[in-house]
Amino acid sequence: MKQITVRYFALFRETAGIDQETRNLDAVTAADVFAATADRHGSSEPRGHCKVAINDVMADWDTAVEDGDTVLLFPPVAGG
Amino acid sequence: MKQITVRYFALFRETAGIDQETRNLDAVTAADVFAATADRHGSSEPRGHCKVAINDVMADWDTAVEDGDTVLLFPPVAGG
Amino acid sequence: MFEISKTAIHPDSLRRTLFDEAAGAYCGFEGWIRNHNEGREVRSLEYEAYAPVAVLEAQKIFAEAASQWPHLKAHCVHREGHLEIGDCAVWVGVSAAHRDEAFQACRYIIDQVKVRLPIWKKEHYVDGDSGWVNCERCAKAG
Amino acid sequence: MFEISKTAIHPDSLRRTLFDEAAGAYCGFEGWIRNHNEGREVRSLEYEAYAPVAVLEAQKIFAEAASQWPHLKAHCVHREGHLEIGDCAVWVGVSAAHRDEAFQACRYIIDQVKVRLPIWKKEHYVDGDSGWVNCERCAKAG
Numbered sequence: 001m002k003q004i005t006v007r008y009f010a011l012f013r014e015t016a017g018i019d020q021e022t023r024n025l026d027a028v029t030a031a032d033v034f035a036a037t038a039d040r041h042g043s044s045e046p047r048g049h050c051k052v053a054i055n056d057v058m059a060d061w062d063t064a065v066e067d068g069d070t071v072l073l074f075p076p077v078a079g080g
Numbered sequence: 001m002k003q004i005t006v007r008y009f010a011l012f013r014e015t016a017g018i019d020q021e022t023r024n025l026d027a028v029t030a031a032d033v034f035a036a037t038a039d040r041h042g043s044s045e046p047r048g049h050c051k052v053a054i055n056d057v058m059a060d061w062d063t064a065v066e067d068g069d070t071v072l073l074f075p076p077v078a079g080g
Numbered sequence: 001m002f003e004i005s006k007t008a009i010h011p012d013s014l015r016r017t018l019f020d021e022a023a024g025a026y027c028g029f030e031g032w033i034r035n036h037n038e039g040r041e042v043r044s045l046e047y048e049a050y051a052p053v054a055v056l057e058a059q060k061i062f063a064e065a066a067s068q069w070p071h072l073k074a075h076c077v078h079r080e081g082h083l084e085i086g087d088c089a090v091w092v093g094v095s096a097a098h099r100d101e102a103f104q105a106c107r108y109i110i111d112q113v114k115v116r117l118p119i120w121k122k123e124h125y126v127d128g129d130s131g132w133v134n135c136e137r138c139a140k141a142g
Numbered sequence: 001m002f003e004i005s006k007t008a009i010h011p012d013s014l015r016r017t018l019f020d021e022a023a024g025a026y027c028g029f030e031g032w033i034r035n036h037n038e039g040r041e042v043r044s045l046e047y048e049a050y051a052p053v054a055v056l057e058a059q060k061i062f063a064e065a066a067s068q069w070p071h072l073k074a075h076c077v078h079r080e081g082h083l084e085i086g087d088c089a090v091w092v093g094v095s096a097a098h099r100d101e102a103f104q105a106c107r108y109i110i111d112q113v114k115v116r117l118p119i120w121k122k123e124h125y126v127d128g129d130s131g132w133v134n135c136e137r138c139a140k141a142g
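Protein chains in written order, with the working numbering: chain A, 1 to 80; chain B, 1 to 80; chain C, 1 to 142; chain D, 1 to 142.
None of these hints come from the bench; they were simulated from the model.
In this text, all values refer to a predicted model and were calculated from it rather than measured experimentally.
Careful, some of the hints might be misleading.
[As the list claims (entries may be wrong)] Using 25 Å as the maximum straight-line C-alpha spacing, the simulated DSS-like pairs for lysine-lysine come out as follows:
hint, chain 1, residue 1, chain 2, residue 2
1, C, K73, D, K114
2, D, K6, C, K114
3, D, K114, D, K6
4, C, K114, C, K60
5, C, K114, C, K6
6, D, K6, D, K122
[To be verified] One side only, chain C facing chain A, incomplete, derived with CB under 8 Å:
hint, residue
7, E48
8, L83
9, K121
Beta carbons are placed, not taken as given, at the ideal position from N, Cα and C, and that holds for glycine.
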């Protein structure tokens, strides 16, 4: 198990009802974190829609997560 | 012969040393006016380089000129 | 350079920062809040941005533009917070020697900013409803 | 709308005339006097325009843009007279529902204005010489 801080943004934050939380997760990749926190953000499929950053650096869904990481879950962006 | 007022612009005006003049010309088209006033504007080949307007309306070099027309001779433009 | 701003964007003073004696062309883009989107009447809008990642990702976009079109100066400001109809949500300015590179780089930057930066908008509709807007590419992806 | 101006162009107040509640995108282009052209150092510039024909021809260009991209608002101002390095020689502004049409229409208008309007420029060089500049298309043709 890894201790991961998960931050929720925009729609995900509204759905979760919280900004962030720290959880012990059995996760190898960022995608695993996304799947393990579906009870919070309410989304089942990140690929092609959502983005992820680890410790404030943009990452891919198959990027490995380490104990102590902060994983930022971004719903579909809509700048401009 | 037709009485044609010819106006010179930019480089043509500088070369001619005058803004405009009225001349009796044996001209059928705007191109004929251009050729007949080469002594003033100093250019031999209008096509692809220069433009012409007749009575303040853009014209083609083969547009017919009438007695009393004002023909405006434009050297290559360079707006912007 | 890129920044997230909590206050109104002033394109005129921003474009002055791009003045350069060797620049012959300036292209500016502004995104304005319009009163309709996908068939619904919009009353106002809320932008949320996560600045630490947005700034880093914007730096990559600017570096990409600089490698394609050298010698240009570029700047972009994106709003966050509450915006009304007609407000400027994003401004991109590019100065360059010639207009072709100014237009192309400006277009590249706004296109990338829209799909890559962690920025979200929630529309408030005239009928009282509200909703988060999905970005264009994401909508196409399904 | 198109106009020839004997005084400085103020893009910020001009762009306000293009505000529209249905417009989500604004693209602006400015031509600035740069300190070099075709390898020569430029000190200042003289623009000559023949307004009666320039205005008519610009109206045609705007009508062409309106038929390709309906619902846009567009405006262009071109300077005449003496200009210094950094001065704005021409401004084109376009507002539209989406950015694609704003960029395309703005580019179309400036490209056409440069090759079709009876406007000429005489460059004064740092070395004391001066000369009338041929337009890009004409230079290629000749």
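Which hints from the list above does the structure break, by number from lowest to highest? 2 and 8
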